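A.B. asks: Sequence:
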Amino acid sequence: MLLSIAAVIGGFALLVWGADRFVHGAAATARNLGVSPLIIGLTIVGFGTSAPEILVSAMAAWQGNPGLAVGNAIGSNITNISLILGATALVVPLTVSSATLRRELPILLALMLATLVLVLDGHLGRTDGLILLAGLVWMLVWMTRLGLASRREDGDPMIEEFAEEVPAGIPMWQALTWTGVGLAVLLASSRLLVWGAVDIAEALGVSDLVIGLTIVALGTSLPELAASVVSALKGEPDIAVGNVIGSNMFNLLAVLGMPGLLYPAPVEPAVLFRDYPVMIGVTVAMFLMAYGIRRPGHISRWEGGLLLGAYVAYQGLLYWSIVGSAPAVMLEPIS
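Each residue of the sequence shown is one higher than the one before, counting from 1 in our numbering.
Keep in mind that a hint or two might mislead.
Ranges of calculated distance between the beta carbons of each label pair, as one might list FRET restraints [unchecked claim]:
#1 Gln174 to Pro277: 24 to 32 Å
#2 Arg274 to Leu187: 28 to 36 Å
#3 Tyr291 to Ala13: 30 to 38 Å
Quick caveat, the hints were computed from the structure, so don't treat them as lab data.
These numbers come from a predicted model, not from an experiment.
Using N, Cα and C, we set each Cβ at its ideal position, and we do this for glycine too.
Could you put the whole structure together from the sequences, leaning on the hints where they help?
C.D. replies: Laid out in structure tokens, this is it:
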């Protein structure tokens, strides 16, 4: 058990470091090739901060643990909005004035509902996985076109914010090296993390789904937490919110698509009746706060507190659902 806990902690630490180096190298490579900072931020940075979820999901599905992969996707989305955005707004209230984000928010809602349609039959199969990954390709193309369109618009604060954040002046050999090193560390740490998480689930007598919704979702969301808080402290609220929106899109399409493609399996009823409604609820709450109708969206400290309260309540719901369904297992001593 101690070895498994150490594997999870070590896996999280390496995931965060590997994701940071991968994003740094990939973004610098793209900038050296002449790609605009806004497009880099919308695509490469968004994909890179979701790389831990994507690789952990793929590794879990490959090893025959699709519940952990599905839990990671849904749990990460809930964590990104309720915990990360809530904590960030408590530190620095967020004003969302980017027209780019106002276009992304409805797309996120549409993707969430489309994904729900695919899993309503209680099964996540290869066709579903292929549809989700095709949606990922469409989203990357759409984001690139969105970035090109936004460059021609005056006054979008995300353009200036990303221009300051995307690394410049890094030699190509160094950028490619960091990209390769980051990817290698992500692959190794995701395998280490999945092994430790599955072992802990077996020792505690809980499902892979619950471990994915809680421990794994929290750990793989650490890059988004760091990126959002740092962006908010730097006075870049649009990037802070954009990190969450982009990551949640990648989670729905790439992270949830991996178990369908690699290990088709039934979707546990709890996902549809407990976890997905919570994800819809916090996403709609973020939309109402961040979109704004006739003025820029604003997530205040008290609204951040509400989001954090939703995260705590959801963790309590998970705990009581476990205790209520298997009290005898939960009371067994762990050897």
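A.B. asks: Which hint numbers doesn't this structure obey?
C.D. replies: Going through the list in order, the structure violates hint 1 alone and respects the others.
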